[in-house]
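Undergrad: As a plain string of letters, each chain reads:
There are 2 protein chains.
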Amino acid sequence: MEISDYADTDAVNLEYQNKTFHYRERKEYIEMFDPEEFKDNVGLVVSKLSKYLSDKSIRGINLYEPETLMKKIEAMTILENPEGTKEKLSEIVDLYIKTAIQVHSPGYMGRQFSGVYPLAGVMDFVSSVLSQPASFYEAGQLPIAIEKVMAHEFNKFIGYTGDFEFVTTTGGSLANMTALLAARNHRYPNVWDKGLDGLEGLKPAIAVSESIHYSISRAAGIIGIGENQIVKIPLNERKQICIGKVESTIIEARQRGLDVFCLVGAAGSTSVGAFDNIEELAEIAEKLDLWLHIDAAHGGSVLVSDDHRHKVKGIEKADSFVWDAHKMMFVPAMCTFLFYKKKEYAKGAFRQEASYVFDPNDNIYAMHDSASKNFECTKRPMILHFWTLWAIYGKSIFSDKLEYLFQMTQSAFWVLKDSMDFEAIHEPEANIICFRYKPQNYREDMHDFQLQIRNGIREGGKFFISKVDIDGATALRVVFMNHDINISHFNALLNEIRILGQKILNTKN
Amino acid sequence: MEISDYADTDAVNLEYQNKTFHYRERKEYIEMFDPEEFKDNVGLVVSKLSKYLSDKSIRGINLYEPETLMKKIEAMTILENPEGTKEKLSEIVDLYIKTAIQVHSPGYMGRQFSGVYPLAGVMDFVSSVLSQPASFYEAGQLPIAIEKVMAHEFNKFIGYTGDFEFVTTTGGSLANMTALLAARNHRYPNVWDKGLDGLEGLKPAIAVSESIHYSISRAAGIIGIGENQIVKIPLNERKQICIGKVESTIIEARQRGLDVFCLVGAAGSTSVGAFDNIEELAEIAEKLDLWLHIDAAHGGSVLVSDDHRHKVKGIEKADSFVWDAHKMMFVPAMCTFLFYKKKEYAKGAFRQEASYVFDPNDNIYAMHDSASKNFECTKRPMILHFWTLWAIYGKSIFSDKLEYLFQMTQSAFWVLKDSMDFEAIHEPEANIICFRYKPQNYREDMHDFQLQIRNGIREGGKFFISKVDIDGATALRVVFMNHDINISHFNALLNEIRILGQKILNTKN
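Chains as they are written, first to last, in the working numbering: chain A, 98 to 606; chain F, 98 to 606.
If we strip away everything but chain A, and leave its shape as in the complex, we get (with noise of 0.2 Å):
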């Protein structure tokens, strides 16, 4: 009998020591697999994602009250259809595009999440349907392939000339650890067996810009350093680490007991968009012994644009760096790209024996398991969206979008200069401005007046800022991601703060 035959029989029953296995009726899931109904529900999500994708309006976020949002959705979640499906499907959509951040408005100026390039997006969904995972190459052929290849295609930018290594992974923070879990393991080989409480008398350290990301004060949380090894190296006025202080900062913490082991650095830091001097930081991890971590999470980027390579000068001298290509890359989350100097410090941040997925013989195809390599173990195929612009499109489409955005940072900075009622904190490096309102009858012992300022243009609805915490106190804080944004939209926004500033200091008066 052939397997065909069976294939299609909707019910086969069998038989076993008196037990009758009676399967295949018919069963909603089942219809759940149509291809008609998928292409029927693809039809109406895209034509209501090509609406939104349409709509220039300038417009903030739209926030619920959480409970009144939950209650709505307890409501929704209660399986009564009495209008159909599809009907219910459409009220789904409409609901998550309406709350929302608006990525794609010119009001979005808020963080660093950013509006997607849609062909991303698109190829997102091919692997949401395969449902191909990227850690074993038997089952992630595709992804594992194109790694290796974009792994050179990156390096024309970098400029490595040894045996590099290439990972990806999911998101910034995870990215991040698995460096840090590197550089300790490198540092300390017999940790990952012994536990940290064998080191008898030794106190691991890492030494941070003041400005790094709370993923990396976290990671030695949870690798076992814990937070108050962390130490701080502080910054110079453009807000990059202080180079003058770094030596005297880490043989002061030496002579307290603690062993740095790691100095992290940031390119394109979170709170301003500072670049560190990598070159000189570099120089001085040698000095030092010390392994050299960049958190290029959100600058890496400028790799690809000849405009602002130079920001991150060296930063192939780094033992490990981290980027994020679903920030300054425009591609769905997440879709981090990991970096080592050399081939072997990737096999050391983690070590682990599993039969059912590592295979003992290395054969031609186990040997390019990234799962040894990467905290995951089922895995999204990531690099697919990306590598599909960049196949079809080439570098362009990124450098291009990232240097007008770039440019318009530094425009809304020649606006603030300009402005006598603003203080800008900061000359950008990159997409982030932060600044102050400072009105003549502003005076400083106004602690929370930023802060009200942020979140009373969040009420607004009109456009949606972040705020960040700069030398003591609250800035707000503006990210362009989004092309679509111009100069006019920077000045309405400054127009928009005047007077939600003014009825403020009105109401205190």
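Worth flagging that the hints you see were computed from the coordinates, not collected in a lab.
Check the hints yourself; a few may be wrong.
Identical chains share a label here; the pair holds if one copy fits it or two copies do between them.
Stated by the list, open to error - In the PhoX-like style, the derived pairs of lysine-lysine whose C-alpha atoms are separated by at most 25 Å in a straight line are:
hint: 1; residue 1: K253; residue 2: K185
hint: 2; residue 1: K440; residue 2: K253
hint: 3; residue 1: K444; residue 2: K291
hint: 4; residue 1: K136; residue 2: K148
hint: 5; residue 1: K185; residue 2: K136
hint: 6; residue 1: K291; residue 2: K168
hint: 7; residue 1: K169; residue 2: K245
hint: 8; residue 1: K168; residue 2: K439
hint: 9; residue 1: K124; residue 2: K153
hint: 10; residue 1: K136; residue 2: K195
hint: 11; residue 1: K183; residue 2: K384
hint: 12; residue 1: K183; residue 2: K148
hint: 13; residue 1: K183; residue 2: K145
hint: 14; residue 1: K168; residue 2: K440
hint: 15; residue 1: K136; residue 2: K183
hint: 16; residue 1: K253; residue 2: K169
hint: 17; residue 1: K414; residue 2: K329
For chain A, the structure is supplied; the task is to place chain F on it using the hints.
TA: What follows is chain F alone, placed relative to chain A:
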């Protein structure tokens, strides 16, 4: 001047201190956001995906030699599109479909990756385009509010009576690590700040099932406990934790100086799908003052099945447990659920401050932020595609499919029991069955025979199965994730194995 007057302007120039900024040139990347282009691209991939979903042919994987595939990709990466961008996109999607594991084919019996509900893929697509993160309420209000509602939906099946907590996170490995961190920090409250080297003599250790997933012992390496401090508890003949040996193993470890603080069981072990007796483990954990964690990444889905829920009886007594919806809830990866018996436990996994994300004022929005409870800073709104199915179809689509697959596995076991030339290694409790081909002319000293069969089947291109080491020897492993599979497909697989196995044996003789 109104914003709208500017918004459509293609070129706005700005002058500042003799520098002029010309911008908004029309560039290729801007065209990429064109909604019509977007619709065209969706049309292209959907027609291919529909065809793929319709294809019920029996097929395994089409494995390329890595070098060959890389050369192919290299050639496609060179930026020449003589055939036009649409043709190149078409070529890419074709290659992707062709090289993917064929999760929607009845030939796919390999691993726990599944053919997803297409509608979940469609909703994941919406998430990719809307680019909405889910760690902070103001940026991800809908997913966060849905999580609150789904927590109570799930609890109908779990049965917590107190103030429990529900967190979504990116993958079972990350969820397991997060739970172990919560356990570590609960027992050693100073470790987060002071590091594990500050324990002065205490040797933290974790007791696990001998067949626990590699992410658990890997987590011990990561969080500073050290892999050597993994204490393995022997299994019974059903490959569950041998309850009679738990207490003695842990007491013996404590006598050796190990401070065992955590006990980890499995609900649906990766190798054979065995369910540990959670009720009994909970009793022992309480007696010995242990944090009980259950890795229910694979088996947690039985919670929604009235027929199989009893397999996780007592799970509400575990301090934490992990459940991957991207396994037997058939939604796109990653979509992992992490539950804590007590709300406060969740806050203990990470502790952190960062002004640009964590609002010092615990306002009505920020109090719902999940970033303090999940590892990720940027997190996909993974609950959305799941909830969409749940809200429209309810639990039956999940339970019906799961019950079919479990029944199917049971019937495969019967077939093996009835076959003189196969050895079933265990009676299945889930949708995983492990066995060996042992015909009369097989000899026990043929160590790589099962592995040869497994690889030969893969090369045959009709079926895809996996392998696992059980009791020191390789076994064949089948995971039924596809409801299109019926017993005839399994019989056909066995016949392929017989033909291949005899060929191998005849070559050897």
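Undergrad: Next, verify each hint and record whether it holds.
TA: Going through the hints against the structure:
With identical chains, the CA atoms of K253 and K185 are at most 25 Å apart between copies only, with a shortest distance of 23 Å across copies and 49 Å within one. When the C-alpha separation of K440 and K253 is checked against a cutoff of 25 Å, the pair qualifies only within one copy, where the shortest distance is 17 Å, while the shortest distance between copies is 49 Å. When the C-alpha separation of K444 and K291 is checked against a cutoff of 25 Å, the pair qualifies only within one copy, where the shortest distance is 18 Å, while the shortest distance between copies is 27 Å. Taking identical chains as interchangeable, the C-alpha atoms of K136 and K148 lie at most 25 Å apart whether they share a chain (18 Å) or sit on different chains (11 Å).
In the homo-oligomer, the alpha carbons of K185 and K136 lie at most 25 Å apart both inside one protomer (17 Å) and across protomers (22 Å), since each shortest distance falls under that limit. With identical chains, the CA atoms of K291 and K168 are never at most 25 Å apart, being 50 Å at best within one copy and 43 Å at best between copies. In this homomeric assembly, K169 and K245 come within 25 Å of each other (Cα to Cα) only across copies, at 12 Å, whereas the closest approach inside a single copy is 47 Å. Only between protomers do K168 and K439 lie at most 25 Å apart by alpha-carbon distance; the minimum there is 24 Å, versus 53 Å within a single protomer.
Taking the shortest Cα distances, K124 and K153 sit within 25 Å of each other only across copies (18 Å), while inside one copy they are farther apart (44 Å). Taking the shortest Cα distances, K136 and K195 sit within 25 Å of each other both inside one copy (24 Å) and across copies (20 Å). Taking CA atoms no more than 25 Å apart as the test, K183 paired with K384 passes in neither setting, with 65 Å inside one copy and 52 Å between copies. For the homomeric pair K183 and K148, the shortest alpha-carbon distances inside one copy (18 Å) and between copies (22 Å) are both at most 25 Å.
Taking the shortest alpha-carbon separations for K183 and K145, both the intra-copy value of 13 Å and the inter-copy value of 23 Å come in at or below 25 Å. Proximity of K168 and K440 under a CA criterion of 25 Å is satisfied inter-copy only: 21 Å between copies versus 52 Å inside one chain copy. In the homo-oligomer, the alpha carbons of K136 and K183 lie at most 25 Å apart both inside one protomer (12 Å) and across protomers (20 Å), since each shortest distance falls under that limit. Taking CA atoms no more than 25 Å apart as the test, K253 paired with K169 passes between copies only; the shortest distance there is 20 Å, against 51 Å inside one copy.
When the C-alpha separation of K414 and K329 is checked against a cutoff of 25 Å, the pair qualifies only within one copy, where the shortest distance is 22 Å, while the shortest distance between copies is 42 Å.
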